[in-house]
Structure formats: structure tokens, C-alpha cells
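**Q** Each chain, letter by letter, is given below.
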Amino acid sequence: KAGVTQTPRYLIKTRGQQVTLSCSPISGHRSVSWYQQTPGQGLQFLFEYFSETQRNKGNFPGRFSGRQFSNSRSEMNVSTLELGDSALYLCASSLSVSGEQYFGPGTRLTVT
Amino acid sequence: AQSVTQPDIHITVSEGASLELRCNYSYGATPYLFWYVQSPGQGLQLLLKYFSGDTLVQGIKGFEAEFKRSQSSFNLRKPSVHWSDAAEYFCAVGYTSGTYKYIFGTGTRLKVLA
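Each protein sequence line maps, in turn, to chains C and B. Under my numbering, the letters of the first sequence match residues 2 to 113, in that order. Under my numbering, the letters of the second sequence match residues 395 to 508, in that order.
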């Protein structure tokens with residue numbers, strides 16, 4: 002089975018722009034979670050989707066949003082980018098809401 | 395609030411030496427427990443998991459972990475470390491609080507000396 006894929010792998014944006022990141026889960030996995038990883042804050046949970054419904058949300062401002070499509074693919078959007086949004090954004094999928102998570106390689110976002 | 399603690403930020407061991415990475419959690423019941431490894435610039439790879447049953451679990455790459463309920467711990471071990479094990483290791487806990495949630499420790503960076 003193919004693993005979790007994330008596109009793009011690298012992205013450079015300027016402050017004030019918006020960005021959309023994409024995640025394709027492992028085939029058959031219906032739960033997709035997003036994390037932000039930075040050297041100072043570690044892994045921080047953004048949100049989780051299951052069957053197109055957001056089940057959990059972390060403590061991030063409303064500039065961070067996401068959605069899940071009927072084929073379980075997910076996107077996250079960050080509007081009005083700030084320098085502090087520079088991070089590795091990781092997507093993880095699992096078969097069920099309480100199963101182990103499998104991670105993609107991440108999208109490295111740099112905001113200048 | 396539920397939490398996961400990895401007390402060691404950095405650990406350095408010599409190649410061939412044994413390794414133990416510590417993980418403690420705070421949760422009223424027995425959670426699901428996981429260890430992940432992350433190489434630089436990469437995503438996280440699942441090493442092993444504990445849901446129930448035998449408290450000593452075997453994982454990939456020669457790693458094992460032991461769940462100790464009395465100590466709320468889930469320490470990761472490897473009898474002989476290889477230079478390729480140098481990476482960052484994360485302990486994670488899955489628990490139910492309304493909905494099922496997943497939290498990660500802050501990670502332990504392992505350096506291996508040749």
C-alpha cells in the first residue's frame with residue numbers, strides 16, 4: 002500500500018499570503034490529522050477529520066482551517082501568513098479514530 | 395490535564411551500547427501508547443504500539459517497550475544501538491476525553507557515537 006503523501010513538499014510564501022497544503026491518506030484510512038512541528042513548540046495538534054467531519058481541533062487561530070473530501074483526502078489552509086507560521090506541517094492518517102497514526106513526509110513551509 | 399513527559403531532551407550513546415528512552419504519561423486509565431521515530435526533515439515512523447495484553451511489546455528495527463502501569467511509564471529500549479538509530483524519538487498517548495485524542499511528548503534526540 003502506498004503511504005501518506007503530502008504535497009507540496011516545500012513551499013516559500015511571503016507574509017500576508019495564504020497557502021493550501023494537501024494530504025492523501027493511506028487507502029482505506031478515514032481519519033486524517035494535521036500537526037505543526039517547530040523546533041521551539043514541538044508537535045502541536047491542529048485538527049482531525051473523520052468522514053468529512055472535523056472531530057477535534059487544537060488551539061490555533063481561525064486563520065488555520067481544513068477540510069476533508071469524500072475520498073478522505075484532506076487539505077489545510079492558512080490565511081494571512083505570519084513569520085511564525087514557518088514550520089513542518091505533518092499529516093497523519095489512521096484506519097479508525099482510535100488507531101495508530103501513520104505520518105506523511107510533511108510540507109516544509111517557509112514564510113518570509 | 396493529560397500529558398506525556400519525555401524527561402531527556404538529548405541522549406548520547408556509543409554504537410553497540412544499550413539504550414533506554416523514558417516516557418511517562420498522566421491519565422486516569424490505561425491509554426493507548428506509541429513510540430515514533432523521526433529522521434531529520436522527515437515524517438514520523440511508528441516503531442511500536444501498546445493497546446492491551448502483554449506489557450512488553452516488540453517493534454521494528456529491534457526496538458521494544460515495556461508498559462508499567464504502576465509507574466505510568468512506557469520506556470523504549472534497544473539492546474545494541476546502531477549509528478543509523480540517530481534520530482528524534484517521540485512517545486505518544488491516545489486517550490478518550492469526550493472524543494479520542496492523541497498527544498505527543500516533546501521528543502528525545504538520540505546521538506550515536508562511532
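Treat the hints as calculated values from the structure; they're not laboratory data. Check each hint, because a few of them may be wrong.
To be verified - Derived Cβ-Cβ restraints for the label pairs, each shown as a range:
| id | chain 1 | residue 1 | chain 2 | residue 2 | range |
| --- | --- | --- | --- | --- | --- |
| 1 | C | 97 | B | 462 | 21 to 29 Å |
| 2 | B | 473 | C | 17 | 47 to 55 Å |
| 3 | C | 42 | B | 507 | 27 to 35 Å |
| 4 | C | 6 | B | 478 | 20 to 28 Å |
| 5 | B | 435 | C | 28 | 24 to 32 Å |
| 6 | C | 62 | B | 447 | 37 to 45 Å |
| 7 | B | 458 | C | 11 | 33 to 41 Å |
| 8 | B | 473 | C | 109 | 19 to 27 Å |
| 9 | B | 396 | C | 63 | 22 to 30 Å |
By construction, the Cβ of each residue, glycine as well, lies at the ideal position given by its N, Cα and C atoms.
**Q** All the hints need checking, so say for each whether the structure fits it.
**A** We went through each hint and held it up to the structure:
For residue 97 of chain C and residue 462 of chain B, the hinted distance range of 21 to 29 Å is satisfied, since their beta carbons lie about 27 Å from each other. For the hinted restraint 47 to 55 Å between residue 473 of chain B and residue 17 of chain C, the CB-CB distance of approximately 53 Å keeps it satisfied. Range check, residue 42 of chain C to residue 507 of chain B: Cβ separation about 29 Å, and the 27 to 35 Å hint holds. Separated by about 24 Å at the C-beta atoms, residue 6 of chain C and residue 478 of chain B satisfy the suggested range of 20 to 28 Å.
Between residue 435 of chain B and residue 28 of chain C the CB atoms are about 25 Å apart, so this pair conforms to the stated range of 24 to 32 Å. Here the CB-CB span from residue 62 of chain C to residue 447 of chain B is close to 42 Å, well matched to the stated 37 to 45 Å. The given range of 33 to 41 Å is respected by residue 458 of chain B and residue 11 of chain C, whose C-beta atoms sit roughly 36 Å from each other. With their beta carbons about 35 Å apart, residue 473 of chain B and residue 109 of chain C fall outside the hinted range of 19 to 27 Å.
Distance hint check for residue 396 of chain B and residue 63 of chain C: the Cβ-Cβ separation is about 25 Å, which falls inside the suggested range of 22 to 30 Å.
In summary, the structure is inconsistent with hint 8 from the numbered list given earlier, while agreeing with all the others.
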